[in-house]
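Student: Listed below are the residues making up each chain.
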Amino acid sequence: MPDPIRENPTALLSGLREILGDKGLLTDDAARLVYARDASHLTLGRPLAVALPHDESQLRRVVGLCRAAGVPVVCRGTGTGLSGGAVPGNGALVVGTSRLTDLGPVDSLQRRVRVQPGVLNDGVSRHASASGLHFAPDPSSQSAASIGGNIAENAGGPHCLRHGVTLQHLVSLEWSDADGRALDTGRAVSVERGLDLVSLLCGSEGTLGLVTSADLKLVDNPADVATLLAFFPDLDDAAGAAVGLLGEGLAPVAVEMVDQAMLLAVEEAFGFGFPTDVAAAMITEFAGQSEAVAEDCERASALLRRHGAREVRQAADESERAELWKCRKKAFGAVGRLAPNYVSMDVVVPLGELPGLVREIQVIKARHGVEIATTFHAGDGNLHPGVHYDERDPDQSRRAHAAADAIIRAALDRDGSVTGEHGVGIEKLHVLPWQLGDETARLQRGIKEIFDPQDILNPGKVHPPADAGFAALKPAPAGIDFHWANLTVSAPADASLAQLQQSAMERGFWIPVGTIALDEGVGLGRGTTVGNLVAELLTGPALCPGGTVRDYLLELWAETGDGHLFHAGAPVFKNVAGYDLVHMLCGSGRVWAQPRAATFQLRPVPECLGYWRFPLPSDELQDVARLDRLAEYLAGRDGSLGGPMMIVDAQSARSVVVMAPGRNRPWDLDRIEKDLVNLLGKPTEQIALPFNRASEILTDELIGGWALNSSDWTFLSRLPGDEGGSNFWPAAMRRLIWQSTPRLVWSPDPTTTFPGWHADRFCSEGLVLPPCAPAPGVPRDFLKRMKILFDPSGALETPRWLEGQDD
Amino acid sequence: MTDPRPSSAVMDVDHLDELLRQCVQCGLCLPHCATWLATGNEVQSPRGRLLLLGELIRPSDTNTAAASDAFLQAFDQCIGCRACETACPSGVPFTLLEYGQLRATEVPPLRSGLPVPAVPGAVLRRMDQTAFLGFLSRVGDLVRGVLTVVAGKTWRRRLAGGPAGTGRLVRLLGSLPTSARSDTELVKMLDGLCGRETQLVGGSPNFVGLEIPDHLPSGPGVAFFRGCANAGLLPGTSRRLRDLLSASGCRLEEPGSQDCCGALATHTGRPGRAADLRRRNREAFAGALTDGTVIVAEAAGCSHELKEYGDDFRTGVVDAVVMLAGLDLPPMGSVPLKVAYHDPCHARHGQGIIDEPRKLLAAIGGLEIVEPAEPEVCCGSGGAWGLRYPELSDELGRRKAADLAATGADLVVTSNPGCLGQIADGLQVIAPDLPILPLTDLLWYAALLRIDSSRP
Ligand SMILES: Cc1cc2nc3c(=O)[nH]c(=O)nc-3n(C[C@H](O)[C@H](O)[C@H](O)COP(=O)(O)OP(=O)(O)OC[C@H]3O[C@@H](n4cnc5c(N)ncnc54)[C@H](O)[C@@H]3O)c2cc1C
Ligand code: SF4
Ligand code: SF4
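Residue numbers (our numbering), protein chains in the order written: chain S, 12 to 818; chain W, 380 to 835.
Quick caveat, the hints were computed from the structure, so don't treat them as lab data. For every residue, glycine included, the Cβ atom is placed at its ideal position computed from N, Cα and C. Among the hints, erroneous ones may be present.
[Stated by the list, open to error] Some, not all, of what chain W presents toward chain S, calculated at C-beta under 10 Å:
(1) E397
(2) V403
(3) W415
(4) E421
(5) G427
(6) A466
(7) P468
(8) V471
The task is simple: from the sequences and hints, build the whole structure.
Tutor: Put into structure tokens, the structure is as follows:
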């Protein structure tokens, strides 16, 4: 093997040493051997050296210097990646983030924290625990994996079923490009429109830039948690139970599973005393208010038994619960006890396909004569079959890899994806073309060339060769097409959103994006289409309990400016196969591409909507203080059905309306009501409405004159708190809707301006302004070149700021 | 009797190779490893060391000088705390790293470029001799006293950055374990923390200790293992432990010919002396082993090392904390303090002792136990290791001190002299007002309060 460091001890090393000092640059054999590996067991070569910068500026200077020298840069967090993302090729410089571990102060009002990339996932939650908050993505490697690595892989974890994957917990990122420039993704809130660079960078595996700092969202620690453990004599039944749980409209925060082989390994490792004569063990967790949790557990237990569970038990206390999770989270590591080597997989299929895939894996196992142990993020349809072998036996190795490829094909045949959370790296390069279409692969390569023209950022990863022979274009749906078993719906761009939502609600589900549009005049604008929803990231002020459509969009068909139809994503709940074009384009208007069809995730509809109106006293300052407290209270109440919101009476500013989605049980809304009375005194009006009929009953009068029916509004993207809270309210109070999750403010007045606030768009009759110019720090040159990639002839809408040469 | 402690030459490389294959390279051990946390360098991590070990056992790349300084240094910088072994879901045993460590220590220091302890050899060689430690402790007390007068209470922080020579001396002084020699001193100190004044018996400053009942014939027999550091540096604590054991009904004996357990000699590359010490202790405790008397060792480091003597010692030796937790202790008075317990690695990772000390603390009325972040991470004392890697050791001590201080505790307790000194040193810099004591001393004080209040 040629040894670059001995053959070529260039000026580069001394330049690096000048930046990093002696302790920040490792060039010895030991370091070069250790940093050649990660958790994937794959290798490409020996790195030139390892840089361990102490601050962001050192990191950027190091990257810039490498780019000038044409030396590849491989960013590394903790090297727990399973697809070889952090593995360097010969002569590359590894840039480790392990010394970038600053944690900013926790902003408990906005529920955010800014951290450097080397902070470990666990460390964020520990840091936030005093504020009653935590970082929701919880990969099994969370004790060791870095936030930078989580972002670069868009990591998932058991609780992502309820809370979403890493992407959904990012507000904004700071990053270094290949030149070492200090760049920003420029998002003040996660619902900002524009080509979403956060979505693009998240999951890009260090091939587009190095994340130097991240603004993370935090979520509340739940009031109560209950964890069920169920044992199944039959693996099929277990998979069926996972589908059943979600299909029944229950909202567990996690549904995890291990098969018998994995259970045996875990038992051997930890001796929990679980039965090992069962085919599968499943953990189901519910979180929220005690009564809701108790009720859900009861329903879930019955359902699990109905689906063939032999035994269902509930963790008696926190320590038993912790033990259960330890069993699940350490399962992967325990495979070392089963065989010296294994091919690990990360396939994901539409939820309803899970039992079928499980059956097929049994067949593949028998056909290839291999041993397989599997862990499942069952609620997400994501599974990690590990095929065991001993590398010293060539025949065994061959059979193991053949079986693994067969499993991946089986998942793709079921409309799945080759990777749900571990990433492509080098490990899945050979299977990615089975999934991606030609045009999609071309666009992904084009993006890489824009961000990294010299191919120095983690080269050789993520992109299969251009001539790899890609998959055929998947046909787009012709009409609204519900896949109830998968809890997804596909529809062409011109389908009526109102019609889609209505049909969904009849079955108790919806896309929770802030409309209960039962007739065309309501919510997101008259006659809004599925295409509009996706292109404009519409988030109506009415009854928006979830996130935005970006959180529920799974799959997108779109057309480039020069008329090429492409397909991105898959109808699965998580997917990291290549750059995330789906979420990058969602909300980018019709500037880069035209949406043609889309697939969304469906979620259970809240059963009812609580409505309270409270008078406000005439003293404005008192109001402010009370509204501040109310805002804080509401921000902390993010139930599984979404958070409450308040509306300050637009006409007179003399009353405030609070609405909260909830369950049709006396205890559910009672608790909120009690708290509200404590904060605001007696309400003058109170109603509990069936949620799916709320828009019929709630009139303009009830909510302040414009909120439901007006389609003219301005969306403001700075949040109270940014400007020192109280100063904001007196002016804002008169005509605003303030929503707690996500924290948004709307004004019905198109001309609304507040100092320091930035009006993102003005809606009128479903028409939306093109995205505004991006904030400083966002690389406009990249956006312009992206425009040329997607719309070479300028056939699509082009805002002024995108015109002309690079600045 | 053959000596069970191996040299690298007698370890079966094929067997090691097989064990090594159990490592799935997951990296879950990294955040438990003190040297990785302090350096952020994966060479100084368990997984990094195991990867290097693989290269040492079965070289794959002829370009790599597997026995180069960098390799050996990586093993040598391993503290041997075994936190990685506890953390590893795949059951990768510490034996592997121990092999690496042995390989490192077997290479003459000059050739391998490994650091030598930052104290003169003559001093180091005597560090396992009780009498010498006793002397050192008295000198230490004196110098510290003078420094406190001259440089104030925070002398450690002020002198931390002094010139190289003083730096070493200051460090050694700072990390020498100490606790109250006299009972009066201890009671005064804890009384001060609790904001109370315990009436001494008869108002006399000549304090009368715990009430020790006449030996019950049924009480367990205990052969007490002193340990060089406890006997030399913490004589008061050592006596208070014996009082507690006796007050709980144990029939105590103290074989006279016992000596240091030999851990220090092993860690400073003197296998001959270590073997000699082991032989002496075997003789001293042969009687206890045959008649089933439990051998109780006061320091976690000693109980751990003694258990390595062989199967007979592994079953015969009980750590003092475990012993106390299983006894009917005298009734305890109330100590209204927030107390953080620091787990010595020799207890937590070496012997799986986690619940026992907490159970003992929970038995004290009014006391609130607070848990520090990263309780499993080593404090960086590591015996002779800390003397050879003073900078790293200092950093780890401060990190640990900061974690302990962040709990808001009024008092820290632990059960190993090395940790006691190391953390005291870190606290001097990070949180000079937060005291640390041996667990024994706190238990003794609590038991004393009860006796005192029950008297007319
Ligand atoms: C036992 C075990 C369990 C696991 N469980 C899960 C799980 O449940 N869910 C899951 O999603 N994953 C899981 N993983 C995979 C892995 O932990 C995640 O992918 C994790 O996010 C990687 O983080 P890291 O810091 O180790 O990154 P590394 O492995 O160091 O790097 C991974 C990739 O990220 C890039 N990268 C790292 N930092 C940056 C940065 N600052 N900027 C740009 N690029 C960067 C690297 O270049 C590389 O491409 C598991 C792994 C193990 C070993
Ligand atoms: S030693 Fe254990 S925890 Fe560490 S990398 Fe190997 S298998 Fe993982
Ligand atoms: S024994 Fe301690 S210092 Fe050595 S590798 Fe393991 S955790 Fe790190």
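Student: All hints, please: hold or fail.
Tutor: Quick rundown of the hints versus the structure:
{"no.": "1", "hint": "E397", "in the structure": "9 Å, holds"}
{"no.": "2", "hint": "V403", "in the structure": "4 Å, holds"}
{"no.": "3", "hint": "W415", "in the structure": "8 Å, holds"}
{"no.": "4", "hint": "E421", "in the structure": "5 Å, holds"}
{"no.": "5", "hint": "G427", "in the structure": "4 Å, holds"}
{"no.": "6", "hint": "A466", "in the structure": "8 Å, holds"}
{"no.": "7", "hint": "P468", "in the structure": "3 Å, holds"}
{"no.": "8", "hint": "V471", "in the structure": "7 Å, holds"}
Checked against the numbered hints above, the structure breaks none of them.
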